[in-house]
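Model the full structure from these sequences, guided by the hints.
Quick note on numbering: full-length UniProt numbering labels position 64 of the sequence shown as 64, and the sequence is numbered without any gaps.
Keep in mind the hints are simulated off the structure, nothing from the lab.
None of the values given here were measured: they were computed from a predicted structure.
Idealized CB from N, CA, C, for every residue including glycine.
Fair warning: there could be bad hints in the mix.
To be verified - Cβ-Cβ distance ranges computed for the label pairs, FRET-style:
no.: 1; residue 1: 123; residue 2: 146; range: 29 to 37 angstroms
no.: 2; residue 1: 146; residue 2: 84; range: 15 to 23 angstroms
no.: 3; residue 1: 152; residue 2: 75; range: 19 to 27 angstroms
no.: 4; residue 1: 152; residue 2: 2; range: 31 to 39 angstroms
no.: 5; residue 1: 81; residue 2: 146; range: 37 to 45 angstroms
no.: 6; residue 1: 29; residue 2: 157; range: 16 to 24 angstroms
no.: 7; residue 1: 12; residue 2: 146; range: 16 to 24 angstroms
no.: 8; residue 1: 19; residue 2: 58; range: 21 to 29 angstroms
no.: 9; residue 1: 2; residue 2: 66; range: 31 to 39 angstroms
no.: 10; residue 1: 2; residue 2: 118; range: 46 to 54 angstroms
no.: 11; residue 1: 141; residue 2: 95; range: 32 to 40 angstroms
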Amino acid sequence: MTKKFEFNWHIPVPEQLLQGCVFDRWTEEKDSSEFEPGCLFKVDENGFFIYWKSEGKEGDVIELCQVSDIRAGGLPKDSRLTQQLVNKHGDQLEEKSLTICSGTDYININYQHVICPDGATAKAWQEGLRKITHNNKMNNVCPRTNLMKHWMRLGFLVDPKGTQVSSNETLDE
1 MTKKFEFNWH IPVPEQLLQG CVFDRWTEEK DSSEFEPGCL FKVDENGFFI
51 YWKSEGKEGD VIELCQVSDI RAGGLPKDSR LTQQLVNKHG DQLEEKSLTI
101 CSGTDYININ YQHVICPDGA TAKAWQEGLR KITHNNKMNN VCPRTNLMKH
151 WMRLGFLVDP KGTQVSSNET LDE
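Below is the structure:
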């Protein structure tokens, strides 16, 4: 006799990721780097997205099913930015840092670097994110859940005033 198959795509999100934490964020392109202090990072209750918002800037989102790795550490190649971060966070910068690698394929990878308040927080976030990424079942959810997911994504993308960005507003500007 065959056993009944139960399709349960939901993996519980650790409480620390749901509550969120304030991190400093930086990114590097080939010829430029960007530093954004004081970003509130959170993961939604379904484990679809990691999203962040900082004062005076638009919110942004990474889809967790596109995250390929969460690495400990990571320092900028730009020496000025490295010195700025060391001055702010001290010598334990490497211990407090995480690098979130994401993308739709393994060729075009985006690196999102965050600096946590302390090493324990960095380790907890790394372990928590690793638990909820690589959820292959999430790619096969029903259409209703997919619609909910896209609606949530739109809700996380807000402008600096905290209002939701709609496609009509972006076309008019």
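Tested hints:
Remark: the range hint 29 to 37 angstroms for residue 123 to residue 146 is upheld by a beta-carbon distance near 33 angstroms. Roughly 41 angstroms separates the CB atoms of residue 146 and residue 84, a value that falls outside the hinted 15 to 23 angstroms. Our hint of 19 to 27 angstroms for residue 152 and residue 75 is violated, since their Cβ atoms are close to 33 angstroms apart. Judged by the Cβ atoms, the range 31 to 39 angstroms given for residue 152 and residue 2 holds: they are separated by roughly 36 angstroms.
Roughly 38 angstroms separates the CB atoms of residue 81 and residue 146, a value that falls within the hinted 37 to 45 angstroms. For the hinted restraint 16 to 24 angstroms between residue 29 and residue 157, the CB-CB distance of approximately 21 angstroms keeps it satisfied. With their beta carbons about 20 angstroms apart, residue 12 and residue 146 fall inside the hinted range of 16 to 24 angstroms. Checked against the given bound of 21 to 29 angstroms, the beta carbons of residue 19 and residue 58, roughly 22 angstroms apart, stay inside it.
Distance hint for residue 2 and residue 66: a CB-CB separation of about 34 angstroms, consistent with the stated range 31 to 39 angstroms. The hinted range of 46 to 54 angstroms is satisfied by residue 2 and residue 118, whose Cβ atoms lie roughly 50 angstroms apart. Residue 141 and residue 95 have their C-beta atoms about 37 angstroms apart, which keeps the hinted 32 to 40 angstroms range intact.
In terms of the numbered hints stated before, the structure departs from hints 2 and 3, listed from lowest to highest.
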